[in-house]
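Please take these sequences and the hints and turn them into a complete structure.
As you go down the protein sequences, you meet chains H, R and E in turn.
Going by my numbering, the first sequence opens with residue 606, and the numbers climb by one from there.
Going by my numbering, the second sequence opens with residue 325, and the numbers climb by one from there.
Going by my numbering, the third sequence opens with residue 12, and the numbers climb by one from there.
Treat the hints as calculated values from the structure; they're not laboratory data.
Just so it is clear, CB atoms sit at the ideal spot from N, CA and C, and this is done for glycine as well.
Among the clues, some could well be false.
[As the list claims (entries may be wrong)] Every beta carbon over 12 Å from chain H, so not counted as near; a handful from chain E, in silico:
1) T17
2) S121
3) W124
4) L134
[To be verified] Chain R regions said to be covered by chain E (calculated; three or more residues, Cβ under 8 Å):
5) 346 to 353
6) 380 to 391
7) 396 to 407
8) 431 to 440
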Amino acid sequence: MTDGDAIRLDVLRWHPDRPAAPWWQSYEVPYRADSTLLEALQTIKDALDGTLTFRWSCRMAICGSCGCMVNGRPELSCHLLLRDLAPGPVRLEPLAHFPVIRDLVIDQQDFLEKLPAVGAYLVPAADAEAAPDTPSRQTPAQMAEYYQYAQCINCLLCYSACPQYGLKPDFLGPAALALMARHDADSRDTGGSARKAARDAESGVWDCTLVGHCTEVCPQGVDPARAINRNKTASARDYVFDLLMPGRRR
Amino acid sequence: MSIRFRRSHEPLFWLLFGAGGLVAALVLPAVVVFTGLIAPLTPHSADAGLLDYARVLTLFASPGARAACAGFIALLAWHAAHRILHLCHDLGVHGGAGLKWSCYGSAAAVSLLAGGLVVLLPSP
Amino acid sequence: MTRPATWQRDMRGWWRRDPAFRRYLLREATSVAIGGYALMLLAGLGCLAAGPAPWQSWQGLVMSPIGLLLQALVFAAAVIHSVSWFRLMPLTVPPVGRPGRRLGDTAISSAAWVASAVCSLALLGWLVYGA
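Below, the structure is given as structure tokens:
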């Protein structure tokens, strides 16, 4: 490959002033051996078409802003090299299953409302709360129990990979439920019982049918499919116990 | 926590689905190989063969074998009913409560029938 | 708070978007074959309870070319089911062992396959040599 190669990007665009239907627009973008897909979008915005709208921030796969569908698969555009997508064309669409505000920009509101509902924050034991300057010790083995789930960057690729979220918008979804499991699995946390109502609901773990694509597309190696399906087992166990022993403390 | 959550009764059906799925994963290929390959290939006449009437009745003479047979059929039915219900939903067939009741109702009917029939099996 | 105007694609034909979705649907569709086979066994049980003549006709149906063809389909479905079930099993079982010394996915799947082999051989032995 030589510098000076070009690749065609086909972008699905939508604008609120033209609300009837989205349309495809093609751009021929020059690229180098180290160019990312995000840089191609920036080239379009700077040199070819200033009206193209997309989100980005860190350029290094940690902020979770630049997610979009690349050839039908949810990806971070900063995480893909154009040379790996050559010869193209590359099909770019906004993240699936979300309302589109404009071009590649989606509305994250639904996720932002669900995140607090799963109790995705640490609830320390009462004595730890009473002595805030005392360190809460944790062994490496205890940390390893949740560390993978804690890598979530809220990029929402897993929601775009989940047909059940598309079919049932109430579903809390992969990332929120993985973050629920992340805090349940933390040895310093005591908030497990408060998370059970969300877990045991239809829109909690029970809307999942283990398609498993969420885990496959995660750029951070988080395993939401495992988080959700282990919690199905836990939820089913509690269901049976509550059936056999009504009024038991949870 | 502004979203209101109501506890799902899915665990009941999921446990039956899981039990059926586990049993099927463990032995179903072997059972199908028996009924579809080993039994037809074994030489048989009117009064001899792996699926000979008297022989099969002898196999299922014990209460344990009868319970296992009925349980196997029932669990396969619950497994299938649960997955077919979700498959319909996935394919855009929204049957609502009616579809749900017919799926799980069929599984319950198969379970009752299987349970009744093993009781009614004649002694060898 | 007013939300911005948006556009959203519907879910029609969502399985066309990724081969992973079609593999998932294939896995789920094995249940149709498994359910059908359960009905076949139930019919056999009914015929067995009814007497030698009905049992003979059920046997004839099961061993007819169309019966054998359908069972070949059920076998394929059962194999897909076993492979996918044991592959996904580690995602569903609670963690085994102490933190830091958790049983790995491969160990769980392998144990399931060993259990399947043992159960299958025992069952086949009973069906062939049991009486």
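### Query
Which numbered conditions among the earlier hints are violated in the structure presented, ordered from lowest to highest?
Failing hint: just 1.
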